[in-house]
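Dock chain B against the given chain A, drawing on the hints supplied.
Number of protein chains: 2
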Amino acid sequence: MGILVAGTVALDDVKTPFGKREKILGGSASHFSMAASFLAPVQIVSVIGNDFPKAHLDYLAAKKIDTSGIEVSEEKTFHWKGHYEYDMNVAHTDETILGVLTKFNPNLKEAQKNFPFLFLANIDPEIQMKVVNQMTNLSFVGLDSMNFWIESKQKSLWDVLKKADALFLNDAEIRELAQEASLIKAAKIVQKNGPKIVLVKKGEHGVLTVTKDFVFVAAAYPTEEVKDPTGAGDSFAGGFTSYLYSQYLQNKDNIYSMPVIKKAVIWGAAAASFCVEEFTTEGLEKTSIEQIKERCHDIHEFTSFEKH
Amino acid sequence: MGILVAGTVALDDVKTPFGKREKILGGSASHFSMAASFLAPVQIVSVIGNDFPKAHLDYLAAKKIDTSGIEVSEEKTFHWKGHYEYDMNVAHTDETILGVLTKFNPNLKEAQKNFPFLFLANIDPEIQMKVVNQMTNLSFVGLDSMNFWIESKQKSLWDVLKKADALFLNDAEIRELAQEASLIKAAKIVQKNGPKIVLVKKGEHGVLTVTKDFVFVAAAYPTEEVKDPTGAGDSFAGGFTSYLYSQYLQNKDNIYSMPVIKKAVIWGAAAASFCVEEFTTEGLEKTSIEQIKERCHDIHEFTSFEKH
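Line order of the protein sequences matches chains A and B.
In my numbering, each residue's number is its place in the first sequence (first place is 1) plus 688.
In my numbering, each residue's number is its place in the second sequence (first place is 1) plus 688.
Pulled out of the complex, with its shape left as it was, chain A reads as follows (with noise of 0.2 Å):
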């Protein structure tokens, strides 16, 4: 059956010391997508434009992602405008404009509902709370967020969070959902009164992840050259999560044990790596498994000594 995602699929400018484009595929579930689809089947639910260009359904449909649950509308794609200087840890927002977004509200399939996977990337939690609500025989639920739900939706994002095996946050954003400044003791307090598995995305210092059971330290691949960080966080949840997906049709009660959920955080920050390569989607595109499985070894390689 595969992964489900729901979120944005968007046009893109954006500009960073590397160079400048316009109108590229952009959105959460696009870069989702991309990363998972080297180990799951996926289909996105999302509400495009028409204005979008068919170029870029195309391109996504040759890497076998579904995309018959994107709906088109009368108005424009969700549009947005960024830039980023040397620091490529920040993106600066110039412009948003929400178009077809504002009426996002997707009725399931009964195929659709019938998904084990589910991946609610960064949209209104009142909407992930309806989608998530639709589902009948889920095994996983991965949810994205961000620091505009945690202020004007923090009460219905605590409680969609209930429904979560797994949030994805940035630092800022756990340490603002905590009200806690020190991270581990953050992730440590939303963990308790949420998801099973708490991932903290830290770009190029790589990602923290806490459970009931362990913490895991995990650092980001020491990519020399980041021409484009957007859809960083995005291509590590799709990585993540297809490669939890993999694991669940060997057997469906590992999927949380700490050897599959470390690795599948190595798996993720492979992914990632490839993103921020290239512009938009174009790393992982040009991107094999045996890339990414190579790339793992050299994380294992970077980070691992013997004890003490």
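Bear in mind the hints are in silico, worked out from the structure with no lab data behind them.
There could be a bad hint or two in this list.
If several chains are the same, the list does not tell them apart, and a pair holds so long as it fits within one copy or across any two.
As a list, the in silico SDA-like pairs of lysine to any residue whose alpha-carbon atoms are at most 25 Å apart [claimed, not checked]:
| # | residue 1 | residue 2 |
| --- | --- | --- |
| 1 | LYS890 | HIS996 |
| 2 | LYS791 | GLU763 |
| 3 | LYS850 | LYS884 |
| 4 | LYS751 | LYS841 |
| 5 | LYS711 | SER870 |
| 6 | LYS797 | ILE758 |
| 7 | LYS950 | HIS988 |
| 8 | LYS703 | SER870 |
| 9 | LYS711 | LYS742 |
| 10 | LYS791 | LYS981 |
Frame of chain A; chain B shown alone:
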């Protein structure tokens, strides 16, 4: 013989969100020595004023740190006053009184010249050069510096780097020295033009190590409550250098092997994690060698994962 460390012994006023302390033991050589004392005999080369409390010297001596190389001068002891905001990654300097430090110009005794290990803490690179040039039997030279010397005496700094085996800088400093925004590229540039080992200190994000043969990305121990980050970098250097010294005693030819350097980095990270848990050197004072070893095991547990 052990490690000779040339650096500052100071009186600090420190304010953090967890409290305020005045005239406490500070200085790069103090922090380095406390961290190194678990695995190596250490002698300090420094200068203090006649206002320096004897209790502080006794405190160092209680850890078997040799303070006989600390000159006493007529002027005031080097004084640093600073504070930290909630983001404790950045120290804000409120006042610096150089005092005795303006005349620090060590002439080593014969016995000091014969030490096999030397650590040149963050002082004028011309003084660092003068010290290293007096040594007659060196197997290892570690060196720390800072933005002030990178900007004001860069030529002298590159000169003394040619004599160093390991360079300790933080992420902003290595970027400035290499004139390169990418951290991994910056570290590789400096490594090619200077010391065998470049150690980039990233605070709560750990340490990046680059040699001509390998890259090692080490996590910091995820400390829940950082009370005072002052001295964390020097404690890391002290832990690292002393671990290398302990291996040197067993096999002189082995100290630049990858497994040894990796374990030295983790030992340094563990020592630094005890430093930041309390003000000044109190965290390391009450720590045992078994606790440092245990924390190395914890870091192993927090960071290790099975190969894909």
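Structure-based check of each hint:
Taking CA atoms no more than 25 Å apart as the test, LYS890 paired with HIS996 passes between copies only; the shortest distance there is 23 Å, against 28 Å inside one copy. Proximity of LYS791 and GLU763 under a CA criterion of 25 Å is satisfied intra-copy only: 10 Å inside one chain copy versus 73 Å between copies. In this assembly of identical chains, LYS850 and LYS884 lie within 25 Å of each other by CA distance solely inside one copy; the values are 9 Å within and 51 Å between copies. When the C-alpha separation of LYS751 and LYS841 is checked against a cutoff of 25 Å, the pair qualifies neither within a copy, at 35 Å, nor between copies, at 55 Å.
In this homomeric assembly, LYS711 and SER870 never come within 25 Å of each other (Cα to Cα): the closest approach is 39 Å inside a single copy and 27 Å across copies. Taking the shortest Cα distances, LYS797 and ILE758 sit within 25 Å of each other inside one copy (12 Å), while across copies they are farther apart (78 Å). When the C-alpha separation of LYS950 and HIS988 is checked against a cutoff of 25 Å, the pair qualifies both within a copy, at 11 Å, and between copies, at 13 Å. Taking CA atoms no more than 25 Å apart as the test, LYS703 paired with SER870 passes between copies only; the shortest distance there is 18 Å, against 32 Å inside one copy.
Taking the shortest Cα distances, LYS711 and LYS742 sit within 25 Å of each other inside one copy (13 Å), while across copies they are farther apart (69 Å). Taking identical chains as interchangeable, the C-alpha atoms of LYS791 and LYS981 are never at most 25 Å apart, the minima being 40 Å within one chain and 57 Å between chains.
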